[in-house]
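Spelled out from the first residue to the last, the chains are:
Number of protein chains: 2
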Amino acid sequence: MLSEITVNLETNSYQIAIAPQLINNIGSYLQSLPIGNKIIVVSNTMIFDHYGESLIKAIEKANFSVSYKILPDGERHKTLLSVQKIYDQALENYLERSSTLIALGGGVIGDMTGFAAATWLRGINVIQIPTSLLAMVDAAIGGKTGVNHPQGKNLIGAFHQPKLVLIDPEVLKTLPHREFRAGMAEVIKYGVIWSDDLFQQLESAQRLDQLDYLSSDLLQNILTQSCQAKADVVSQDEKEGGLRAILNYGHTVGHAIESLTGYRLVNHGEAVAIGMSVAGKIAVKMGYWSEQESQRQDQLILKTGLPKTVPPMLKVEDILETLKSDKKVKNGKVRFVLPQKIGAATVTDEVSPEIVKEAVKECQEST
Amino acid sequence: MLSEITVNLETNSYQIAIAPQLINNIGSYLQSLPIGNKIIVVSNTMIFDHYGESLIKAIEKANFSVSYKILPDGERHKTLLSVQKIYDQALENYLERSSTLIALGGGVIGDMTGFAAATWLRGINVIQIPTSLLAMVDAAIGGKTGVNHPQGKNLIGAFHQPKLVLIDPEVLKTLPHREFRAGMAEVIKYGVIWSDDLFQQLESAQRLDQLDYLSSDLLQNILTQSCQAKADVVSQDEKEGGLRAILNYGHTVGHAIESLTGYRLVNHGEAVAIGMSVAGKIAVKMGYWSEQESQRQDQLILKTGLPKTVPPMLKVEDILETLKSDKKVKNGKVRFVLPQKIGAATVTDEVSPEIVKEAVKECQEST
Numbered sequence: 001m002l003s004e005i006t007v008n009l010e011t012n013s014y015q016i017a018i019a020p021q022l023i024n025n026i027g028s029y030l031q032s033l034p035i036g037n038k039i040i041v042v043s044n045t046m047i048f049d050h051y052g053e054s055l056i057k058a059i060e061k062a063n064f065s066v067s068y069k070i071l072p073d074g075e076r077h078k079t080l081l082s083v084q085k086i087y088d089q090a091l092e093n094y095l096e097r098s099s100t101l102i103a104l105g106g107g108v109i110g111d112m113t114g115f116a117a118a119t120w121l122r123g124i125n126v127i128q129i130p131t132s133l134l135a136m137v138d139a140a141i142g143g144k145t146g147v148n149h150p151q152g153k154n155l156i157g158a159f160h161q162p163k164l165v166l167i168d169p170e171v172l173k174t175l176p177h178r179e180f181r182a183g184m185a186e187v188i189k190y191g192v193i194w195s196d197d198l199f200q201q202l203e204s205a206q207r208l209d210q211l212d213y214l215s216s217d218l219l220q221n222i223l224t225q226s227c228q229a230k231a232d233v234v235s236q237d238e239k240e241g242g243l244r245a246i247l248n249y250g251h252t253v254g255h256a257i258e259s260l261t262g263y264r265l266v267n268h269g270e271a272v273a274i275g276m277s278v279a280g281k282i283a284v285k286m287g288y289w290s291e292q293e294s295q296r297q298d299q300l301i302l303k304t305g306l307p308k309t310v311p312p313m314l315k316v317e318d319i320l321e322t323l324k325s326d327k328k329v330k331n332g333k334v335r336f337v338l339p340q341k342i343g344a345a346t347v348t349d350e351v352s353p354e355i356v357k358e359a360v361k362e363c364q365e366s367t
Numbered sequence: 001m002l003s004e005i006t007v008n009l010e011t012n013s014y015q016i017a018i019a020p021q022l023i024n025n026i027g028s029y030l031q032s033l034p035i036g037n038k039i040i041v042v043s044n045t046m047i048f049d050h051y052g053e054s055l056i057k058a059i060e061k062a063n064f065s066v067s068y069k070i071l072p073d074g075e076r077h078k079t080l081l082s083v084q085k086i087y088d089q090a091l092e093n094y095l096e097r098s099s100t101l102i103a104l105g106g107g108v109i110g111d112m113t114g115f116a117a118a119t120w121l122r123g124i125n126v127i128q129i130p131t132s133l134l135a136m137v138d139a140a141i142g143g144k145t146g147v148n149h150p151q152g153k154n155l156i157g158a159f160h161q162p163k164l165v166l167i168d169p170e171v172l173k174t175l176p177h178r179e180f181r182a183g184m185a186e187v188i189k190y191g192v193i194w195s196d197d198l199f200q201q202l203e204s205a206q207r208l209d210q211l212d213y214l215s216s217d218l219l220q221n222i223l224t225q226s227c228q229a230k231a232d233v234v235s236q237d238e239k240e241g242g243l244r245a246i247l248n249y250g251h252t253v254g255h256a257i258e259s260l261t262g263y264r265l266v267n268h269g270e271a272v273a274i275g276m277s278v279a280g281k282i283a284v285k286m287g288y289w290s291e292q293e294s295q296r297q298d299q300l301i302l303k304t305g306l307p308k309t310v311p312p313m314l315k316v317e318d319i320l321e322t323l324k325s326d327k328k329v330k331n332g333k334v335r336f337v338l339p340q341k342i343g344a345a346t347v348t349d350e351v352s353p354e355i356v357k358e359a360v361k362e363c364q365e366s367t
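If you're matching them up, the sequences are chains A and B in order.
Letter 114 of the first sequence, counting from 1, is numbered 114 in this note's numbering, and no numbers are missing.
Letter 346 of the second sequence, counting from 1, is numbered 346 in this note's numbering, and no numbers are missing.
Check each hint, because a few of them may be wrong.
[What the hints assert, rightly or not] Quick look at which bits of chain A chain B covers, simulated, 3 or more residues with Cβ under 8 Å:
id: 1; region: 116-130
id: 2; region: 157-166
[As the list claims (entries may be wrong)] Distance ranges between label pairs, derived from CB positions:
id: 3; chain 1: B; residue 1: E354; chain 2: A; residue 2: L33; range: 32 to 40 Å
id: 4; chain 1: B; residue 1: S352; chain 2: A; residue 2: S67; range: 29 to 37 Å
id: 5; chain 1: B; residue 1: Q201; chain 2: A; residue 2: E92; range: 19 to 27 Å
id: 6; chain 1: A; residue 1: N93; chain 2: B; residue 2: N25; range: 44 to 52 Å
id: 7; chain 1: A; residue 1: N93; chain 2: B; residue 2: Q340; range: 32 to 40 Å
id: 8; chain 1: B; residue 1: P311; chain 2: A; residue 2: S67; range: 51 to 59 Å
id: 9; chain 1: B; residue 1: T6; chain 2: A; residue 2: M46; range: 50 to 58 Å
Derived by calculation from the structure, the hints in this document are not laboratory data.
Beta carbons: idealized from backbone N, C-alpha and C, even for Gly.
Produce the complete structure using the sequences and hints provided.
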């Protein structure tokens, strides 16, 4: 069971490989890439404890010179300070422009490692080995890298495509259930904006709230179709000039909720789930989407065990104010991604603050 | 007297405009670019005192919203810490992805501003207004941006092309003589590696050691031909995959000298002048270049008032060791740019340590 997806770009095309046991079989992938001999694996304590040794062994067996750097985990450590620790290791190991960083971890490790690779010697290679569902279907693909500014997430960053994305579904076994559900929010997103087929597969599943309930076939399908969706969009719009904006479905209000609750109350996936519910309501109000499909989306969110209710302590005015400082704002206008039908979405900056208010309020009142 | 040069790139082509009074006439350039309304000018105290007010006025007159950020001057401030101050200003001014940073200053300001632009919101616009000769003919063109790591220059950086480079030769009047000569080192470099014509113009000049001795025609020519050389090379090799390496002529040994003397004894241009003299001798020893042309180069260096002697306190073994940690090292081999004739150079990694030693020693003994 091996899926291989190509992210087609003008100059930096690369493969996403999805199969059990890929971490142990990284050697042949490394040997097929035009990369130099030196590799640094960047990870966090917990993930490295689980998978670090196997990975290092597999890399050594393929005759690469490898060292590793363990960084503290958690969004609050996604800072320039952590990136500087990667720089220091790069210096210590005399990395060259042909050298490679491997990110073994979730989105935080992937984003920081990608940013370090983007900016060390003006750009060295990076390989992503995402270990969370969220990172597998989203963060690891597409070349967005970055760290947080004290006053905003991902404000500092660069586009830097990986040379390879290796996805080993078996590592999800050690992922906490809540993190699994968070990743499922992005999977549902791809269903809504890109793939009717994926959406229907999710609807057909008995339960989606824990990995244990998914057959390995369904999991492989979910990963493959989600990665394919992301790859399709990124291939058509590498630097977020247009189409790629649809990937922000659910993220506009989602980011505002994360920011206003200090990134503690809800995690990213949960915020996106709530954001999708709000955006779905906006789409219905604007006449873009049918009430019935919006409800199908909300049912899927519920089945996955994700929230769809805006936290009651948040003031709708604060949400509107936060939307204005979002980095996706263009000429002062807030852009929303709105579904048109299951499997297709569009971007508009014509949503009035009143409609946003109404939708947010409905999502605060509903349970 | 206006020269316009195009840096032709696949996706980010841009103009270099060279003419007196351009700072006051920036308005029409800004209006012709596809940039948003918000601009931050980044500069240092001295330069901003001289030219800041005129620039800000001209920008406002063209109906852009402009603010500015003054950073401390000097290579030791070319750090992530300074870049963070630009980030903070960007946040305070709600910069959007279409917004623009303008670097008004020498290489330090240009590199930091470029890096901030490369990494804020994963890339916003930057316009370079170089105020030193070195920055005009080199740093401002080509998209190399970066800051120093405590243990090495420019180790942290990104490729990020400007939307425009504006060169106003009149600002050179306030440039210290030593800085002028430092810039002339790069001009001589273009003569040796790219333009026989430029080289001969320099040879024909009576004196080159102070700006005052240059006619405004000669100055315009020097700027135009140097920028054209850089633009030609960058157009053919945006990301330093091959040809662009020839721009490092004189820089291999030059960087080692700067590093070993703590960036205090000699400035960058002086180090490059010494490096060219060493590289010239290596080229002669390897049979690439004629003794006679190597001497013509050294005479031009002397006429410009630049040093060509390796500082006597430096040990040749330390220089060799430092060369190995240079970021241009590939597979452990040190690459040298060597002239073949005036106006043409090539890159080789086949220079033996013995030949480097001999050449360095000759350049230590000569006066």
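To see whether the hints hold, each was checked on the structure:
1. A count of 6 residues in the region 116-130 of chain A with a Cβ less than 8 Å from any Cβ of chain B is obtained; the coverage claim is therefore met, three being the minimum.
2. Only when three residues or more bring their CB closer than 8 Å to a CB of chain B does the claim for the region 157-166 of chain A stand; here the count is 3, and the claim holds.
3. Separated by about 35 Å at the C-beta atoms, E354(B) and L33(A) satisfy the suggested range of 32 to 40 Å.
4. For the hinted restraint 29 to 37 Å between S352(B) and S67(A), the CB-CB distance of approximately 30 Å keeps it satisfied.
5. At roughly 47 Å, the beta carbons of Q201(B) and E92(A) sit outside the given window of 19 to 27 Å.
6. Range check, N93(A) to N25(B): about 49 Å between beta-carbon atoms, so the 44 to 52 Å window is met.
7. The beta-carbon spacing between N93(A) and Q340(B), approximately 35 Å, falls within the hinted interval of 32 to 40 Å.
8. Range check, P311(B) to S67(A): about 35 Å between beta-carbon atoms, so the 51 to 59 Å window is missed.
9. Range check, T6(B) to M46(A): Cβ separation about 52 Å, and the 50 to 58 Å hint holds.
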